[in-house]
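**Student:** Here is what each chain is made of, one letter per residue.
Number of protein chains: 4
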Amino acid sequence: MARQPKPLVRSDIAYSTPDRIVVRGKSLPDEVLGHMNLGDFAYLQLTGKAATPQQSAMFNAIVITLVEHGMTPSAIAARMTYAGAPESLQAAVAAGLCGLGSVFVGSMEGACRMLSEALPYDTRGSRCDDLEELAVDTVAEWRARGTPIPGLGHPLHKPIDPRTPRLFELAAQNGLSGDYVRLMQLIGAEAERVSGKPLPINATGAIGAICCEFGFPWRIVRGFGVMARAIGLVGHLLEEGERPMSFELWQRVEDEASAHLRGEA
Amino acid sequence: MARQPKPLVRSDIAYSTPDRIVVRGKSLPDEVLGHMNLGDFAYLQLTGKAATPQQSAMFNAIVITLVEHGMTPSAIAARMTYAGAPESLQAAVAAGLCGLGSVFVGSMEGACRMLSEALPYDTRGSRCDDLEELAVDTVAEWRARGTPIPGLGHPLHKPIDPRTPRLFELAAQNGLSGDYVRLMQLIGAEAERVSGKPLPINATGAIGAICCEFGFPWRIVRGFGVMARAIGLVGHLLEEGERPMSFELWQRVEDEASAHLRGEA
Amino acid sequence: MARQPKPLVRSDIAYSTPDRIVVRGKSLPDEVLGHMNLGDFAYLQLTGKAATPQQSAMFNAIVITLVEHGMTPSAIAARMTYAGAPESLQAAVAAGLCGLGSVFVGSMEGACRMLSEALPYDTRGSRCDDLEELAVDTVAEWRARGTPIPGLGHPLHKPIDPRTPRLFELAAQNGLSGDYVRLMQLIGAEAERVSGKPLPINATGAIGAICCEFGFPWRIVRGFGVMARAIGLVGHLLEEGERPMSFELWQRVEDEASAHLRGEA
Amino acid sequence: MARQPKPLVRSDIAYSTPDRIVVRGKSLPDEVLGHMNLGDFAYLQLTGKAATPQQSAMFNAIVITLVEHGMTPSAIAARMTYAGAPESLQAAVAAGLCGLGSVFVGSMEGACRMLSEALPYDTRGSRCDDLEELAVDTVAEWRARGTPIPGLGHPLHKPIDPRTPRLFELAAQNGLSGDYVRLMQLIGAEAERVSGKPLPINATGAIGAICCEFGFPWRIVRGFGVMARAIGLVGHLLEEGERPMSFELWQRVEDEASAHLRGEA
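Protein chains in written order, with the numbering used here: chain A, 806 to 1070; chain B, 806 to 1070; chain C, 806 to 1070; chain D, 806 to 1070.
Just so you know, these hints were derived from the structure itself, not from any lab.
Remember, predicted model here, so these are calculated numbers, not experimental data.
Possibly wrong hints are sitting among the right ones.
Same chains, same names: a pair is fine if it fits in one copy or spans any two.
[Unchecked claim] Okay, derived cross-link-like pairs now, DMTMM-like style, lysine to aspartate or glutamate, Cα gap no bigger than 20 Å in a straight line:
no., residue 1, residue 2
1, Lys1002, Asp824
2, Lys854, Glu836
3, Lys1002, Glu1044
4, Lys831, Glu1069
5, Lys1002, Glu946
6, Lys831, Glu974
7, Lys854, Asp835
8, Lys963, Asp824
9, Lys963, Asp835
10, Lys963, Glu946
11, Lys963, Asp1060
12, Lys854, Glu1018
My request is simple: use the sequences and hints to build the entire structure.
**Tutor:** Now the structure itself:
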């Protein structure tokens, strides 16, 4: 049962020698440190390409938007985990990340996927006359499936999500507002028309559309949310270390959840 | 057993209203997006303060240094996890983060702790004459304990770690090269003297010292590594999705590990 | 914006008072400890019901089958994580569990789902004449979708999976071999007929069918795999602590993966 | 930089051939399935040995005691994670496990360590006259360090922890009540004497002592807690799927935590 190792274990990301450290073809000490900000280096690490100044401005804004969303289930999970294992901050961040799935990062990923499937990257430009028709068809399809259209509506931010106009403004300033931003806006308008309800584009819809302007594959988009939230969660854990809320929450939940079993409710 | 909720559930990081999103006192759409890069926003999220241009340059360089370290156990764990659950990229990143503990981020945290305990932040400036004595005492203490001094030596990068001179150069350019960088250098020289072995300051030693120049509590330092590596791991998973190595590794390990049980070795 | 807490925080699993600990209605010290084995208690915790002796025998066998599957990607991920954070065994187990997703536990869940959707629990008994027709229809459906039928075939265990006949034997001995086991067997036979390839029922197919005999909702089945593998992973980590393989694997992968970048390959 | 692979990748746990699956030297289909319960198989997987009937009874009881502890921070973290990624039950279990660190499983591990360091396994039997003196010394040592003695006292279960007498009763019935159980009891009595406070042995103290009777290394003990809690967490997640509490908790925490920032408190 001897097997010859196949040449399948290969990575193009980085390498080191005694005197060099090279990431995506750039010398870390000489060409990266002091020359790039963290967002630009993330862009390089993920795409293998250096961001232009316009891409840098937009990409930094997108990732920043995803860092901190308040006392989310993810932040609560991380804080609860830290309460039990304060010696393992990394595991508390990991616990918080585990919940960034279909419910929370799903709509951003979904908007990017919806738009890039409606207007495949290799056909862009050739179909811009049809954007209104595409929007009508897309809304009809989603309504037929009975699934909410990703990237529209927000439970708190009404009538508009304050991040959306700012993200679209930055997109326009940086040459990243084309067919996909337009298509997202047309889909929003059409969805409002047929549903009769206000359905403003939320931050995840705006980000999904701008990610299409970059030409990112939709699968990468969840990764932006995950890496951004890791930063946010570290902030929550540092605060939890100084002013903990976990034990109080634990006691409240424990008391309330089993009161009926203890014959108290 | 009725309990009155105590006012213990409180966070100062962020809040939202229908038309506002405010993080660390700054309006996300108006004062952050388009005005800050990701590293600066991370600094704000974690410390509650806006970075000066000098702090920004140095902090971005520190975190970037921690993003990508090649095919580490952490990257392998993330890739293996992704092979089993490609629908949960977030869980694969989480798996990779779980291993950033005492062995890998320990030395950075350890260097920061060693230096800030040798020269507490509230006494800095007052003791700079004693730095050489402090270095001698510190090395003697660690040797007495029989524990390697954190931040010194590297298995691959010899005779020097190429990141260290660049990080110290940036520190000097940005006004962040003071007693702690000096103390780290004196500790390195003293350790070489008493051990008779080359023990250059490695990247984690340099970062630990510069974190002391910032005045960061040592516990925060692990968080820098965790958030940085989350970015790096997303890069590895995107590559794994396109050119997987997990199944090949799995087969090799499975075959080799149990060959003696199958009577083949 | 004051909100009245709704009575939504409630759990029926367990409660404690100063002198009592009750799980699923049973006193832990008096009715559980010394009276149940771990598999039976797991059955109680998950279903809220005490297992009959027959259910106990079968359920213990199912979960045991899922504990240890060799040097899987999940075991490798756990060992790699432990190498970096040996002080956090729990995080290493967590890392290993994160990969138990669509690829590895998917087929067990899929078999249970396929069978319980073909023959819904509330119609069982009434349709047993149709089992052959159901099998033909089910195979046709899956082939039309172009997706492999869950629970059939195995890359190593040929011509049969040695666990399958034993699991079906135990099912028969314990009164848990009815329409679902029969349907799974008919589906296997039909799939072999139309594909012309040997497609024996594998362990996950057998377990999926027996879970249907229990009447378990298909979503619970992944949970059996997750809790079983947690036991297996603890075993791997104890071995890793005594005879580590992580560092060797790390070095090999690091060397091989970037050889082409270093100009060595 | 070519490296010869060293024979370091080796595991003694399990192997498979086309017609065999062998775990710890036993044929899974023939010698395990239908012959062992889950607790016994866990004992085999972890220790490499088959449990005697007495060891089986005691080991099953120990692990069962650790499965379900109510609405703990770990259970809350798992439920919160499931709310965001219901498609990844495994990641929600993983998130819950990540918090089983120094605070929650620490005391069980600590009791086992304290006792086995006071009375090393290779000296047992020879020192049983000294148990009282050992207890006095041990309590004095811990008090000198200012650290609470592991395994004593409980915030809710007063004046005794109802699990402790039952666990000790089972230990006595199964020939596992020797020097270590006696030493734990003497330490409890001495601690009460010198502190003047009631300090009953809690469940983790009882389990720690009984683990010493087995001769388990103290590092294994955390593993028992982790694998047990994985079972408990699956139970919580199944309940969360049917009757969710996460969104309600999220809203409450979000509202309360930032009320002062929104100017409401």
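**Student:** Work down the list of hints and note, for each, if the structure agrees.
**Tutor:** How the hints compare with the structure:
no., hint, result
1, Lys1002 / Asp824, "between (62 Å within a copy, 19 Å between copies)"
2, Lys854 / Glu836, "within (13 Å within a copy, 28 Å between copies)"
3, Lys1002 / Glu1044, "neither (39 Å within a copy, 34 Å between copies)"
4, Lys831 / Glu1069, "between (65 Å within a copy, 19 Å between copies)"
5, Lys1002 / Glu946, "within (18 Å within a copy, 39 Å between copies)"
6, Lys831 / Glu974, "between (32 Å within a copy, 19 Å between copies)"
7, Lys854 / Asp835, "within (17 Å within a copy, 29 Å between copies)"
8, Lys963 / Asp824, "between (55 Å within a copy, 7 Å between copies)"
9, Lys963 / Asp835, "between (48 Å within a copy, 18 Å between copies)"
10, Lys963 / Glu946, "neither (26 Å within a copy, 45 Å between copies)"
11, Lys963 / Asp1060, "between (35 Å within a copy, 17 Å between copies)"
12, Lys854 / Glu1018, "within (16 Å within a copy, 33 Å between copies)"
The structure shown violates the earlier hints numbered 3, 10.
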